[in-house]
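Position one of the sequence shown corresponds to residue 1328 (my numbering), numbered consecutively onward.
To be clear, the hints were calculated from the coordinates, so they are not data collected in a lab.
Misleading hints may appear alongside valid ones.
Label-pair restraints from in silico Cβ distances [claimed, not checked]:
no., residue 1, residue 2, range
1, V1345, V1378, 23 to 31 Å
2, R1459, I1338, 17 to 25 Å
3, K1440, A1491, 40 to 48 Å
Note that the coordinates shown come from a computational prediction; the quantities given were computed from them, not determined experimentally.
Backbone N, C-alpha and C fix where the C-beta goes; we use that ideal spot for every residue, glycine too.
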Amino acid sequence: MVLFTPRLVRITLTNVSVSDEGGYFCQLYTDSTHHQVATLSVLVPPETPTVEVKQEAVEGGEAELTCVTPRSKPAATLRWIRNGRELPGVVSQQDNVKTFSVSSTIRIPVERKDNGAALSCEAFHPALAGQRRIRHYRLDVYYPGAVVETHSAVPYAVIGGVLALLVFTVICVLIVTIWCSVRQKEECALQTKTENCIHFEIHRVYCWLVDEAVIPDTGESWETGHYLTITMIRLSCSTR
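Please put together the full structure from these sequences, using the hints given.
In structure tokens, the structure reads:
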């Protein structure tokens, strides 16, 4: 919005973003030219940080946790807190042209008693006017006993799977048996319809061969030493 009077020029920006940053010139044209430059800087407050688990907490080992704020300007300040005390972290910062991504990583030794321990990551920034953005996190400590209990459940899962497979097989066999029975009944019912029944007959044609020569069948017998050979089987299909 622009307000213009002979003595005053005022502009108002709404929904400001980092793209609005820069120098704004006010120039006065008289016998001599005068101008002033107003530089606009935009602050980008961080969102509530997130916690990434880089290494799970195992009894007797170390847990690695990273607190991240992906976007802020200027770069936000991160702190890890446990039981009211600050934990030193390794801070890294990435420049994303006009905003910054900041992370803080801690590695802490863990025991079984640390299971459920409360930690928090706090983000500070000038745009928050002294306020903080806080992410709370509770440690989940794994220990050998829990792993053994998990493995002991494996045989029961295998037995359950085998039983399920047997039941499935029995059901399949029953379904196939019932289907075959119904199918057989349908075929029998179909055969009772004479107009749809097809009968096959095998006609045997005998040829008498004597010394590889075909002799017409006259009903006479031949001497010993000659032989009878079936040379052709003819199939015919007729509808009755």
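Hint by hint, here is what the structure shows:
1. Distance hint for V1345 and V1378: a CB-CB separation of about 26 Å, consistent with the stated range 23 to 31 Å.
2. Separated by about 34 Å at the C-beta atoms, R1459 and I1338 break the suggested range of 17 to 25 Å.
3. Judged by the Cβ atoms, the range 40 to 48 Å given for K1440 and A1491 holds: they are separated by roughly 42 Å.
This entry does not satisfy hint 2, going by the numbered hints stated previously; all others are met.
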